[in-house]
Amino acid sequence: MSEPGANGDYILEARGLRKSFGDLEVLKGVDFRVRSGELVFVIGPSGSGKSTLLRCFNRLEEPSAGSVVVHGVDLMARSTDINAMRRRIGMVFQSFNLYPHLRVRSNVTLALRRVLRKPRVEADRIAEAALARVGLADKADAYPSELSGGQQQRVAIARALALEPQLVLFDEPTSALDPELVGSVLTVMRDLRAAGMTMVVVSHEMRFAREAADRVVFMDDGCIVEEGSPEEIFERPRSPRLREFVAEVTR
Amino acid sequence: MDLLVETFFNLAIMREALPLLLRGVLTTLALCAVVIPLGFAGGLVLAVLGTTRSRWKRFLLACWIDFFRAVPPLVLLIFVHSGLPFAGIELTAFAAVAVAFLLNNSAYYAEIVRAGIESIGRGQREAARSTGLTATQTLTWVVLPQAVRNVLPDLLSNTIEVVKLTSIASVVALPELLYAADMARSVTYNASPIVLAAGFYLLLLWPVVRLLSRLEHRIAG
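Protein chains in written order, with numbering that gives the first Met the number 0: chain A, 0 to 250; chain B, 0 to 220.
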């Protein structure tokens, strides 16, 4: 891997990340860097630690050791306001996690209003713009339960985008969706990439990875085994474990 | 048959007792207006405190809640009203009832709200925290509104019990509905005021019971 010219090149820089749950070590010292505007795909068998890794990037999961620096700010430092940093790191979950008691608009405005203290009119305007971006401007008054899974996930993306994050983490964003609904979510992610959004995506959508990723990271057993361009990873896997994995998922 | 009507459904006596009983109804309503919000607020506070990560704080809280659920409310009331004066703490009948009910009800409401909080999946909390909400903001805007909604039938059911329980205030001579009715009984030498009081409780609670069963159906269905 090429060395960074300056530290500022990286929007996210994690070093030596370890995470244990009891006796089980899920992350065994992972280094991970993302440049501004990059779309990095993290793949690997289930239980390889990729979701845990992603969740360490906004400290939803507390790393047992190691450092995470986002936009030059050390997330692990005592003096860091983690809530302020999380606003700049969007996250999209496998199970959407929309607030079922709130309308779509309020799902998007909650943090704008309660955290950023924006007045209702301004928050609503931002929410409507974010919803338009994911093609759901007409669903602002609906409740999440009235939407399809694909629409719910797009609302969740809008909720993250409304805070103008510098980085969005996607934790298996299409895994809970019926196959025919996956496309709409991937389309939104494609648009985001085209707009220059920095994204880290944990996913099993290998076709999307091939087509859209700048870089693919293969994890197994709590370690990064191999990383490279989609062509390198999918066409010329070097390690036996990746070869095996690629054969399995492209079968 | 006449004797039965004369003793229990004597309209002349009921009419005579009515003003006294209406005043009793007002006192009961005033009591409810104090003890229900107070008990629920206390329950919310206890339930929220119960979300602490500290194990020993949770243990202390559980002891507190268990204790006040186990002590009979009548014992608690008489202790507060007639026992505390021995320690120099004298409360009016109304204040004594309010304190005893707060201690008792909040423990019950707390258990219900706790169950509600536990019914909210981790994902809700994580989603809120990932957008920068603090733990307290997450609880206030995301977890509690859903938690309370999920246990609304239980909260309502407990509230019905609280309303009924206000009748024990009669033992400390607080002139609520039952006390008024029993006074009317002793003055008129007739049981009809008690029946009338039961009628008032029914009138008060029946709409709530209907609402509850509709809620339960809606949730079940």
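Do not rely on the hints blindly, as some may be mistaken.
As the list claims (entries may be wrong) - Derived list of chain B stretches under chain A, where covered just means 3 residues or more per stretch with a C-beta under 8 Å from a C-beta of chain A:
1) 121-134
2) 139-147
Unchecked claim - Partial pick of chain A residues on the chain B-facing surface, computed with a CB cut under 10 Å:
3) TYR9
4) ARG86
5) ALA110
6) ALA128
7) ALA161
What the hints assert, rightly or not - Listing some non-contacts, in silico: residues in chain A with all C-beta distances to chain B over 10 Å:
8) ARG14
9) ALA83
10) ALA131
11) ARG240
No lab work stands behind these hints, which were simulated from the structure alone. On a predicted model such as this, the values are computed, not experimentally measured, just so you know. Where is the CB? At the ideal position from N, CA and C, for every residue including glycine.
**Study point:** Interface hint compliance - A:ALA128 to chain B, C-beta minimum distance less than 10 Å
**Key:** violated (17 Å)
Point to revise | Non-interface claim for A:ALA131, where every Cβ of chain B lies beyond 10 Å | key: holds (19 Å)
Point to revise | Interface hint compliance - A:ALA110 to chain B, C-beta minimum distance less than 10 Å | key: holds (4 Å)
Practice item. Evaluate the condition: distance from the CB of A:ALA83 to the nearest CB of chain B exceeds 10 Å. Key: violated (7 Å)
Practice item. Count residues of the segment 121-134 of chain B with a Cβ under 8 Å from any Cβ of chain A, then say if the count reaches three. Key: Since three or more residues must qualify, the claim that chain A covers the segment 121-134 of chain B holds, with 11 doing so at under 8 Å.
Review point. Non-interface claim for A:ARG240: all C-beta distances to chain B beyond 10 Å?
Key: holds (30 Å)
Exercise for review: Mind checking the CB of A:ARG86 against every CB in chain B and telling me if the closest is under 10 Å?
Suggested key: holds (4 Å)
Check your understanding: Given A:TYR9 as an interface hint, is the shortest Cβ-Cβ distance to chain B below 10 Å?
Key -> Hint violated; A:TYR9 Cβ to chain B Cβ min 21 Å, cut 10 Å.
**Study point:** Restraint outcome when A:ALA161 is required to lie within 10 Å of chain B by C-beta distance
**Key:** holds (9 Å)
Practice item. Examine the segment 139-147 of chain B: at least three residues should have C-beta closer than 8 Å to a C-beta of chain A. Key: holds (count 4)
Practice item. Could you let me know if the closest chain B CB is still more than 10 Å away from the CB of A:ARG14? Key: The claim holds: A:ARG14 sits with its nearest Cβ about 22 Å from chain B, beyond 10 Å.
Figure legend: structure checked against the earlier numbered hints; hints not met, in rising order: 3, 6 and 9.
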